[in-house]
Amino acid sequence: QTADSVAQAPATTKKWFESFAIRGYMQARYNRLLETNPDLSCEQCDRSWGNNGGFSLRRVRLILYGQLHERAYFYLQHDFASAPSGSTTVNFGQLRDAYLDLGLDKVNRFRLRIGQSKVPYGFENMQSSQNRLPLDRNDALNSALSNERDLGVMFYWAPTAVRQRFSRLVKDGLKGSGDYGVLGVGVFNGQTSNRPELNNERHVVARLSYPLVVGQQIIEPALQAYSGQYAVAKDQLSAGVKHRPDMNYLDQRVAATFVLYPQPFGVQAEYNAGRGPEFNPQTDSIETQPLHGGYVMLNYRLQYQQQQFYPFLRLQYYDGGKKHERDARSYTVREAELGVEWQPFSSFELVTMYTLSSRRFEDFQRPSNRQRGGLLRLQAQVNF
Amino acid sequence: QTADSVAQAPATTKKWFESFAIRGYMQARYNRLLETNPDLSCEQCDRSWGNNGGFSLRRVRLILYGQLHERAYFYLQHDFASAPSGSTTVNFGQLRDAYLDLGLDKVNRFRLRIGQSKVPYGFENMQSSQNRLPLDRNDALNSALSNERDLGVMFYWAPTAVRQRFSRLVKDGLKGSGDYGVLGVGVFNGQTSNRPELNNERHVVARLSYPLVVGQQIIEPALQAYSGQYAVAKDQLSAGVKHRPDMNYLDQRVAATFVLYPQPFGVQAEYNAGRGPEFNPQTDSIETQPLHGGYVMLNYRLQYQQQQFYPFLRLQYYDGGKKHERDARSYTVREAELGVEWQPFSSFELVTMYTLSSRRFEDFQRPSNRQRGGLLRLQAQVNF
Amino acid sequence: QTADSVAQAPATTKKWFESFAIRGYMQARYNRLLETNPDLSCEQCDRSWGNNGGFSLRRVRLILYGQLHERAYFYLQHDFASAPSGSTTVNFGQLRDAYLDLGLDKVNRFRLRIGQSKVPYGFENMQSSQNRLPLDRNDALNSALSNERDLGVMFYWAPTAVRQRFSRLVKDGLKGSGDYGVLGVGVFNGQTSNRPELNNERHVVARLSYPLVVGQQIIEPALQAYSGQYAVAKDQLSAGVKHRPDMNYLDQRVAATFVLYPQPFGVQAEYNAGRGPEFNPQTDSIETQPLHGGYVMLNYRLQYQQQQFYPFLRLQYYDGGKKHERDARSYTVREAELGVEWQPFSSFELVTMYTLSSRRFEDFQRPSNRQRGGLLRLQAQVNF
Numbered sequence: 001q002t003a004d005s006v007a008q009a010p011a012t013t014k015k016w017f018e019s020f021a022i023r024g025y026m027q028a029r030y031n032r033l034l035e036t037n038p039d040l041s042c043e044q045c046d047r048s049w050g051n052n053g054g055f056s057l058r059r060v061r062l063i064l065y066g067q068l069h070e071r072a073y074f075y076l077q078h079d080f081a082s083a084p085s086g087s088t089t090v091n092f093g094q095l096r097d098a099y100l101d102l103g104l105d106k107v108n109r110f111r112l113r114i115g116q117s118k119v120p121y122g123f124e125n126m127q128s129s130q131n132r133l134p135l136d137r138n139d140a141l142n143s144a145l146s147n148e149r150d151l152g153v154m155f156y157w158a159p160t161a162v163r164q165r166f167s168r169l170v171k172d173g174l175k176g177s178g179d180y181g182v183l184g185v186g187v188f189n190g191q192t193s194n195r196p197e198l199n200n201e202r203h204v205v206a207r208l209s210y211p212l213v214v215g216q217q218i219i220e221p222a223l224q225a226y227s228g229q230y231a232v233a234k235d236q237l238s239a240g241v242k243h244r245p246d247m248n249y250l251d252q253r254v255a256a257t258f259v260l261y262p263q264p265f266g267v268q269a270e271y272n273a274g275r276g277p278e279f280n281p282q283t284d285s286i287e288t289q290p291l292h293g294g295y296v297m298l299n300y301r302l303q304y305q306q307q308q309f310y311p312f313l314r315l316q317y318y319d320g321g322k323k324h325e326r327d328a329r330s331y332t333v334r335e336a337e338l339g340v341e342w343q344p345f346s347s348f349e350l351v352t353m354y355t356l357s358s359r360r361f362e363d364f365q366r367p368s369n370r371q372r373g374g375l376l377r378l379q380a381q382v383n384f
Numbered sequence: 001q002t003a004d005s006v007a008q009a010p011a012t013t014k015k016w017f018e019s020f021a022i023r024g025y026m027q028a029r030y031n032r033l034l035e036t037n038p039d040l041s042c043e044q045c046d047r048s049w050g051n052n053g054g055f056s057l058r059r060v061r062l063i064l065y066g067q068l069h070e071r072a073y074f075y076l077q078h079d080f081a082s083a084p085s086g087s088t089t090v091n092f093g094q095l096r097d098a099y100l101d102l103g104l105d106k107v108n109r110f111r112l113r114i115g116q117s118k119v120p121y122g123f124e125n126m127q128s129s130q131n132r133l134p135l136d137r138n139d140a141l142n143s144a145l146s147n148e149r150d151l152g153v154m155f156y157w158a159p160t161a162v163r164q165r166f167s168r169l170v171k172d173g174l175k176g177s178g179d180y181g182v183l184g185v186g187v188f189n190g191q192t193s194n195r196p197e198l199n200n201e202r203h204v205v206a207r208l209s210y211p212l213v214v215g216q217q218i219i220e221p222a223l224q225a226y227s228g229q230y231a232v233a234k235d236q237l238s239a240g241v242k243h244r245p246d247m248n249y250l251d252q253r254v255a256a257t258f259v260l261y262p263q264p265f266g267v268q269a270e271y272n273a274g275r276g277p278e279f280n281p282q283t284d285s286i287e288t289q290p291l292h293g294g295y296v297m298l299n300y301r302l303q304y305q306q307q308q309f310y311p312f313l314r315l316q317y318y319d320g321g322k323k324h325e326r327d328a329r330s331y332t333v334r335e336a337e338l339g340v341e342w343q344p345f346s347s348f349e350l351v352t353m354y355t356l357s358s359r360r361f362e363d364f365q366r367p368s369n370r371q372r373g374g375l376l377r378l379q380a381q382v383n384f
Numbered sequence: 001q002t003a004d005s006v007a008q009a010p011a012t013t014k015k016w017f018e019s020f021a022i023r024g025y026m027q028a029r030y031n032r033l034l035e036t037n038p039d040l041s042c043e044q045c046d047r048s049w050g051n052n053g054g055f056s057l058r059r060v061r062l063i064l065y066g067q068l069h070e071r072a073y074f075y076l077q078h079d080f081a082s083a084p085s086g087s088t089t090v091n092f093g094q095l096r097d098a099y100l101d102l103g104l105d106k107v108n109r110f111r112l113r114i115g116q117s118k119v120p121y122g123f124e125n126m127q128s129s130q131n132r133l134p135l136d137r138n139d140a141l142n143s144a145l146s147n148e149r150d151l152g153v154m155f156y157w158a159p160t161a162v163r164q165r166f167s168r169l170v171k172d173g174l175k176g177s178g179d180y181g182v183l184g185v186g187v188f189n190g191q192t193s194n195r196p197e198l199n200n201e202r203h204v205v206a207r208l209s210y211p212l213v214v215g216q217q218i219i220e221p222a223l224q225a226y227s228g229q230y231a232v233a234k235d236q237l238s239a240g241v242k243h244r245p246d247m248n249y250l251d252q253r254v255a256a257t258f259v260l261y262p263q264p265f266g267v268q269a270e271y272n273a274g275r276g277p278e279f280n281p282q283t284d285s286i287e288t289q290p291l292h293g294g295y296v297m298l299n300y301r302l303q304y305q306q307q308q309f310y311p312f313l314r315l316q317y318y319d320g321g322k323k324h325e326r327d328a329r330s331y332t333v334r335e336a337e338l339g340v341e342w343q344p345f346s347s348f349e350l351v352t353m354y355t356l357s358s359r360r361f362e363d364f365q366r367p368s369n370r371q372r373g374g375l376l377r378l379q380a381q382v383n384f
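Protein chains in written order, with my numbering: chain A, 1 to 384; chain B, 1 to 384; chain C, 1 to 384.
So that you can see chain A by itself, here it is in the shape it has in the complex (with noise of 0.2 Å):
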């Protein structure tokens, strides 16, 4: 803090707003209309789903970031659309991003990034919001991470070409993930973004992903796992249910990847298998189970004149825990998504989207609930 009215020199000569940039985007949802079942719904997914469900904020980000010397790098992004918890008024700024990227060499191809930032663990979570077409991400691999970021620090490696195209593949519109790097490994608290470590193991993560140009297409195949203790936190126990003493839970996964761009066809598809705390309706209790799952998605990208159009369809499945909710919730999922991403211009979007479920969600509390049903989801989108 330079607590200080006198005029002072920049130590350089550019400005404050050439240093770096901000940028953001909000989504306004509505969720009600077409709805069969009042009773399903998805926490992780879009809390306005539902019953007493209605106009929604489900992010609002604003985003500083800017390349401050050949050898740093920084992001720090807010959401102005989240709560803290137990409070029961909403929409309070909270961290997403705050990291800063090291190069080890002049260009960036080795890269250590420090601070709160995504974990390199899945395509989809990868993606940005604001590029995605689906409303929320699939349930399969986004379970694996809340917000789908920790602490630590992370070492990413790509080569100069590669990293111009991951920036090529956003910047293009061809729904990109940014760039992870070809190579990432780390190693992160493990209790997911904004909740302090409960324990002493660290999570450890690696990521293995390349875009390949096979004639007119790129590809992308990636594999990634991680592996770590989970502590579940005492805040989201219900009173009664048994757990293990410590809380700690073993925390593992493996994912497989492929993407193939849409130019103009696309595919996604994304598997992941492990092991985490899950809540066990017959005994009561938490356990230790399997999981597994994934989604398979094809889109389309069409452009009318200076407008876009990507109509997608998703299918998904889920059959595990969700550690980060109520008793570790046990789900199985089964799920298929038609929708449309209209941008009319680059500020705005509107995607109308029809979703098909049936969703087993268990806890303590809702020791038998499996809801099916179909509902209209529509959200608009400006990016500044």
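Treat the hints as calculated values from the structure; they're not laboratory data. Among the hints, erroneous ones may be present.
Copies of the same chain are indistinguishable here, so a pair counts whether it falls within one copy or spans any two.
[Said to hold, decoys possible] Below, a list of computed lysine to aspartate or glutamate pairs in the DMTMM-like style, where the Cα atoms sit at most 25 Å apart:
{"hint": "1", "residue 1": "Lys15", "residue 2": "Asp172"}
{"hint": "2", "residue 1": "Lys15", "residue 2": "Asp46"}
{"hint": "3", "residue 1": "Lys15", "residue 2": "Glu70"}
{"hint": "4", "residue 1": "Lys242", "residue 2": "Asp319"}
Every value quoted in this text rests on a predicted model; they were computed, and no experiment measured them.
Chains B and C: place on chain A using the hints.
Chains B and C only, in chain A's frame:
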């Protein structure tokens, strides 16, 4: 999220700082001078009134806004003087506005406003606190909407000439409301800003307002009304208070507005009547009850060199409930305020105001509570 | 709020990004290397010390500031590594500074500072965490003010030449405190930053500080004192702890400071004594008790090409209470820290520090608690 440090060429030739702007304002207050009754207070007005109050920040606002495309305008406002429910620490960042204006025609006479924004009900509610003369809004119309806002979709229409007039009324220091259309109609959740929807009914609102040039003067009469079901939230109930089983209460109001803009003498008057939830101390229960009240304000604009002075006198009355307070607290308010706003230069304003007040505010915990008294109130405001 | 999309001509010819500036910094930490005692911790210093700690963000700061008019300067700082009381999720945005400097003369030798800002008590308290060498402030003087700030009105005076010297001491990498005047006097709530006032007494503070040029060296001796009534808050009391009926405790301190700026060898020493609330394990009660303590730090500035190195050694002692912690927790602290700050370039800093500590910290729940140990601490900081 484009999580990479490879330089990205901007999609347009506009720099980020040319495509939108940032501005804000802050208000610091002190309310304890010449205070005659420390038990006189007003929760919705200003929590630092009365006993154990001290210096306070009433508003710390940060706004991002811009015309992103000929048909797309966005507005994003945070307040950093807010607190989550249940927290004893304060000054957290919370959303106020987050909306997109979609122009249905190229010059935006017809606009759809999507997201969280002010509900078009009442001139003083629409007018920014940055411009208002009295420190707090009147109880009669402000009790309709905590923080004046809600989540939904609004439609606004105004001819271009009127839009420019709305704009000029703010810019020229005449304390206008901004452009909420000649006609505004909308649908919104109904639980007021930053509170999730709690029932399956949406509120509807309509407003008609027209700024007329009459000789050298501009007057703006308006009519507005809204209707819906308000769900009293569990966390605002005292243990023991009686209420409807489903906690839903009819919530509807109609209001009339008259404004004569201060060139140099101004008049502002509003009145509303309706029905809503209100605590009844006779029955210890929350009941749907009639409500009514309004205010009249006289003001004057005095320019001396670069300085502006706005002396004002406001008289207000309200009899009814405040749906968003504890047990839908019951009020009878009679208040007179005499003050002056002084702007020595455009980035600084000082308001000095004497308040003489009689307030009955009763809930299950304080079923008989009428307070009278006077106090001097001070506010320093910086605009950036 | 000027809620419209009709283009507004700016009041001045300055663009928004020329009228104020945005900057910030982030600190990521890891404290678990070479740790000998996991029960050694320090709540006010860094919550990620010790058992179950992991990677953490200590500060994520965003600052807007600018000279808006020859007599008006504003400073608005948020931290995105804060959490509301009672929340188990973290990293919410919370205010640090929100103030306006009003120049009483045209060159701002005499200034009124209105709003939330640092209370002028202690050099290390005034110095920004962005510039400080040891990772945390010393217990002795920092225990006076949680987050160093409070809400109120301060008066500062300094001659123009001294204001420029204060500014240069920061800009030239000499780790100055910024400009809190040669003379500072003020009145403030007394409950420390982001906590509402809880009694009807304000605190008062005064400080005298002068940066003297002595040959090639600059020294800065200072004296400061404050006095007031601190109200222990209900939510910081353990069930069963005894306390004064009105919960108000005398809170007063006086401190002396000596700084020799590192050209290249530097010395920094501060000491304070006073009285305040402190838990007494013998009587299970919170009592007004004497407190005293201070520190001495030796440092050295080494420049190698563009790089800066600042090795430092700090020894500190504190015996007294921490009024803003549980039951006004009782402390005896003896600590030695040896470390180095490395700045390879201006936007990045790495601090490596070894801490050897003996800390007694006792409250009603842990009435006998003395911990000794050592640990290695790491911090990466990015400045933007």
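Cross-check of the supplied hints:
1. Lys15 - Asp172: between (29 Å within a copy, 19 Å between copies)
2. Lys15 - Asp46: Classified as neither; 40 Å inside a copy, 34 Å across copies.
3. Lys15 - Glu70: both (17 Å within a copy, 21 Å between copies)
4. Lys242 - Asp319: within (21 Å within a copy, 44 Å between copies)
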